[in-house]
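From first to last, the protein sequence lines stand for chains A and B.
Under the working numbering, the residues of the first sequence are numbered 1 to 112, in order.
Under the working numbering, the residues of the second sequence are numbered 1 to 114, in order.
Any given hint could be a false lead.
Claimed, not checked - Examples of chain A residues lying across from chain B (beta carbon under 7 Å, computed): (1) Ser93; (2) Pro95; (3) Phe100.
To be verified - Which chain A residues stay away from chain B? Per the calculated CB distances, all over 10 Å, these: (4) Val11; (5) Ser32; (6) Ala53; (7) Asp54; (8) Ser72; (9) Asp84; (10) Thr104.
Said to hold, decoys possible - Quick list of the computed label-pair ranges, beta carbon to beta carbon: (11) Pro69/B x Thr109/A: 24 to 32 Å; (12) Pro8/B x Ser3/A: 17 to 25 Å; (13) Glu22/B x Gly78/A: 37 to 45 Å; (14) Ile111/A x Ser57/B: 40 to 48 Å.
Because the hints were derived from the structure by calculation, they are not lab data.
As the structure is a computational prediction, the values presented were derived from the model and not from experiment.
Just so you know, even glycine gets a beta-carbon here, dropped at the ideal spot from N, CA and C.
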Amino acid sequence: GDSVTQMEGPVTLSEEAFLTINCTYTATGYPSLFWYVQYPGEGLQLLLKATKADDKGSNKGFEATYRKETTSFHLEKGSVQVSDSAVYFCALSDPPGNQFYFGTGTSLTVIP
Amino acid sequence: SQTIHQWPATLVQPVGSPLSLECTVEGTSNPNLYWYRQAAGRGLQLLFYSIGIDQISSEVPQNLSASRPQDRQFILSSKKLLLSDSGFYLCAWSPGQFSNQPQHFGDGTRLSIL
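The task is simple: from the sequences and hints, build the whole structure.
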């Protein structure tokens, strides 16, 4: 069955450091891939998405590329800020059943 | 544009009391609807999902139930709450089947059982 594997946290970085959060997936069909961000006490917000192989999703300085050959969708940001401190979830959607699968989340803390 | 509303934002209930959490979606029709629970510091656990009125699938056996009396209304209920029901409950929607679009989440309800 489908699944998402996300790197364990927590991750602590200094401000302006480079961020990578690894995400790999297993899917039977042709999934779409997503990254969500959850700030403390809030719901999940869609950060970026990619719907087919080699697509690059980007938003707020974050990027992730849909790599079918390595079944990966790693999240990157060149220079993190304190305001990026949150929990990040990788997810996939596998039509036609529109089932969603979420990773376990990676907590990021950015220190000044 | 589409919006999702979830209430209440916080709730404190005694063990054994009933529960009703409500979620409504505006600006779309025939959405897929989902209820998740998130324990403190943990990932998302899918509780129920619905592809249409009165069409609800349960992912985890428990003392919770869900209903969808209208196309854009999704309700999570319990007759008798347990301590283990504490957590952060999230409602989400996505476009109907055969879509590769993301889920969109409400702001969540923090439920504390005393």
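Tested hints:
Against a cut-off of 7 Å between C-beta atoms, the interface hint on Ser93/A holds, since the closest Cβ of chain B lies about 6 Å away. The interface hint given for Pro95/A holds, since its Cβ lies 6 Å from the closest Cβ of chain B, which is under the 7 Å cut-off. Below 7 Å, beta-carbon pairs count as interface contacts, and Phe100/A has one with chain B at about 6 Å; its hint therefore holds. Every beta carbon of chain B lies more than 10 Å from that of Val11/A, the smallest distance being close to 14 Å; the non-interface claim holds.
The non-interface label for Ser32/A is inconsistent with chain B: the shortest C-beta to C-beta separation is roughly 4 Å, within 10 Å. The non-interface label for Ala53/A is consistent with chain B: the shortest C-beta to C-beta separation is roughly 13 Å, beyond 10 Å. Chain B leaves Asp54/A outside its interface by the beta-carbon criterion, the shortest separation being 15 Å against a cut-off of 10 Å. Against the 10 Å criterion, Ser72/A stays outside the reach of chain B, whose nearest CB is about 18 Å from its own CB.
For Asp84/A, the non-interface assignment is confirmed: its Cβ lies about 19 Å from the closest Cβ of chain B, beyond the 10 Å cut-off. Non-interface call for Thr104/A relative to chain B: violated, since the shortest CB-CB distance, roughly 4 Å, does not exceed 10 Å. With their beta carbons about 42 Å apart, Pro69/B and Thr109/A fall outside the hinted range of 24 to 32 Å. Pro8/B and Ser3/A have their C-beta atoms about 33 Å apart, which leaves the hinted 17 to 25 Å range violated.
Between Glu22/B and Gly78/A the beta carbons are some 42 Å apart, a value that agrees with the proposed interval 37 to 45 Å. Checked against the hint of 40 to 48 Å, the C-beta distance between Ile111/A and Ser57/B comes to roughly 43 Å, which is consistent with it.
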